Amino acid sequence: ETGVTQTPRHLVMGMTNKKSLKCEQHLGHNAMYWYKQSAKKPLELMFVYSLEERVENNSVPSRFSPECPNSSHLFLHLHTLQPEDSALYLCASSQEPGETQYFGPGTRLLVL
Amino acid sequence: DAKTTQPPSMDCAEGRAANLPCNHSTISGNEYVYWYRQIHSQGPQYIIHGLKNNETNEMASLIITEDRKSSTLILPHATLRDTAVYYCIVRVGRNAGNMLTFGGGTRLMVKP
Chain G
869 ETGVTQTPRH LVMGMTNKKS LKCEQHLGHN AMYWYKQSAK KPLELMFVYS LEERVENNSV
929 PSRFSPECPN SSHLFLHLHT LQPEDSALYL CASSQEPGET QYFGPGTRLL VL
Chain L
-10 DAKTTQPPSM DCAEGRAANL PCNHSTISGN EYVYWYRQIH SQGPQYIIHG LKNNETNEMA
50 SLIITEDRKS STLILPHATL RDTAVYYCIV RVGRNAGNML TFGGGTRLMV KP
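So the protein lines, in turn, are chains G and L. Numbering-wise, the numbering used here puts 875 at position 7 of the first sequence, and it's gapless, one number per residue. Numbering-wise, the numbering used here puts 25 at position 36 of the second sequence, and it's gapless, one number per residue.
Isolated chain G, as found in the complex:
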């Protein structure tokens, strides 16, 4: 247990569906992150939030829409995804941006 939880753990969705991934951290951290890990590829940073404000967006397609309502919660809204978006989506948090990160267990997403 790292203090970072993610739901759901597994998700199957069609290309026309809309779904959301949820991340919650119980560590009192100020920064939260979304990463994508595709099969046999390194982790890719998607979004970084610091105190609910987005500080980095690594050219992620608009079909991925993050939301950070408070410093403990982070969402990733998904719509009209493609099969190549199938991957493990990982959430992480750190005390401040750029410091040691603690990862959640991830959501394994399959887009059909």
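Please note that a few of the clues may not be correct.
List of simulated lysine-lysine pairs, DSSO-like, C-alpha gap at most 27 Å [claimed, not checked]:
| no. | chain 1 | residue 1 | chain 2 | residue 2 |
| --- | --- | --- | --- | --- |
| 1 | G | LYS909 | G | LYS887 |
| 2 | G | LYS890 | G | LYS909 |
| 3 | G | LYS904 | G | LYS887 |
| 4 | L | LYS(-8) | G | LYS904 |
| 5 | L | LYS58 | G | LYS909 |
| 6 | G | LYS909 | G | LYS886 |
| 7 | L | LYS100 | L | LYS41 |
| 8 | L | LYS100 | G | LYS909 |
| 9 | G | LYS904 | G | LYS890 |
| 10 | G | LYS908 | G | LYS887 |
| 11 | G | LYS886 | G | LYS904 |
| 12 | L | LYS(-8) | L | LYS58 |
| 13 | L | LYS(-8) | G | LYS908 |
| 14 | L | LYS100 | G | LYS908 |
| 15 | L | LYS41 | G | LYS908 |
| 16 | G | LYS890 | G | LYS908 |
Partner residues are not named here, just some residues of chain G that face chain L (Cβ under 7 Å, in silico) [stated by the list, open to error]:
| no. | residue |
| --- | --- |
| 17 | ALA907 |
| 18 | LEU911 |
| 19 | ALA955 |
| 20 | LEU958 |
| 21 | THR968 |
| 22 | PHE971 |
| 23 | GLY972 |
Hints listed in this document are in silico derivations from the structure and should not be mistaken for laboratory results. No experiment lies behind these values; they were computed from the predicted model shown. For each residue, glycine too, the CB sits at the ideal point set by N, CA and C.
On the provided structure of chain G, position chain L as indicated by the hints.
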């Protein structure tokens, strides 16, 4: 961030020390060496980090050469549960613009 080079895979006998090398010859003076690991289908787990002194915690030891161009992560008594991909990352410690960049890592297989 400085680039790191790690062997793609290593084997280790259970109960023996696992020594995982990392080259970071272009590291700059203010960059830390971080180690994370990722057990199959789980989120990455922070292990240890250091700047120039050797560090030890309950999980591992980190040995950094005097010129800081390479380091070794030591798991003193490897168990089967230490089988994972180990990532060596170098980055400035506290900078919102410098996030973790994961490379390919070393796949450590601990064998009975």
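Right, here's what the structure says about each hint:
1. For a cut-off of 27 Å, the pair hint linking LYS909(G) to LYS887(G) stands: about 24 Å separates their Cα positions.
2. Between LYS890(G) and LYS909(G) the alpha-carbon distance is near 23 Å, which keeps this suggested pair within the 27 Å criterion.
3. Annotation: proposed proximity of LYS904(G) to LYS887(G) holds, straight-line Cα distance about 16 Å (limit 27 Å).
4. Between LYS(-8)(L) and LYS904(G) the CA atoms are separated by roughly 20 Å; this keeps the pair inside 27 Å, and the hint holds.
5. A threshold of 27 Å between alpha carbons decides the hint, and for LYS58(L) with LYS909(G) the separation of about 25 Å falls inside it, so the pair holds.
6. A hinted pair counts as satisfied when its Cα atoms are at most 27 Å apart, and LYS909(G) with LYS886(G) qualifies at roughly 25 Å.
7. With a C-alpha separation of about 32 Å, the suggested pairing of LYS100(L) with LYS41(L) is violated against the 27 Å cut-off.
8. Restraint check: the Cα-Cα separation between LYS100(L) and LYS909(G) comes to about 25 Å, which is no more than 27 Å; the hinted pair holds.
9. Among the hinted pairs, LYS904(G) with LYS890(G) is consistent with the structure: their alpha-carbon atoms are about 14 Å apart, no more than 27 Å.
10. Only pairs whose Cα atoms come within 27 Å are accepted, and LYS908(G) paired with LYS887(G) is accepted, the gap being roughly 25 Å.
11. A C-alpha spacing of about 18 Å is found between LYS886(G) and LYS904(G), which places the hinted pair at or below 27 Å, so the restraint holds.
12. Restraint check for LYS(-8)(L) and LYS58(L): satisfied, since their Cα atoms lie roughly 11 Å apart, inside the 27 Å limit.
13. For a cut-off of 27 Å, the pair hint linking LYS(-8)(L) to LYS908(G) stands: about 19 Å separates their Cα positions.
14. The hinted pair formed by LYS100(L) and LYS908(G) meets the criterion: a straight-line CA distance of about 22 Å does not exceed 27 Å.
15. Only pairs whose Cα atoms come within 27 Å are accepted, and LYS41(L) paired with LYS908(G) is rejected, the gap being roughly 32 Å.
16. Proximity of LYS890(G) to LYS908(G) is assessed by CA-CA distance (about 24 Å); at most 27 Å being required, the pair is judged to hold.
17. The closest approach between the C-beta of ALA907(G) and any C-beta of chain L is roughly 11 Å, which is over the 7 Å cut-off, so the hint fails.
18. At a threshold of 7 Å, the smallest CB-CB gap from LEU911(G) to chain L is about 4 Å, leaving the interface hint in force.
19. Nearest Cβ of chain L to the Cβ of ALA955(G): about 12 Å, over the 7 Å cut. The hint is violated.
20. Satisfaction of the interface hint for LEU958(G) is found here, the shortest Cβ-Cβ separation to chain L being roughly 5 Å, below the 7 Å cut-off.
21. Annotation: interface hint on THR968(G) holds; nearest CB of chain L at approximately 5 Å, less than 7 Å.
22. Proximity of PHE971(G) to chain L holds as hinted, the smallest CB-CB distance being about 3 Å (cut-off 7 Å).
23. The restraint placing GLY972(G) at the interface with chain L holds, with a minimum CB-CB distance near 5 Å, inside the 7 Å limit.
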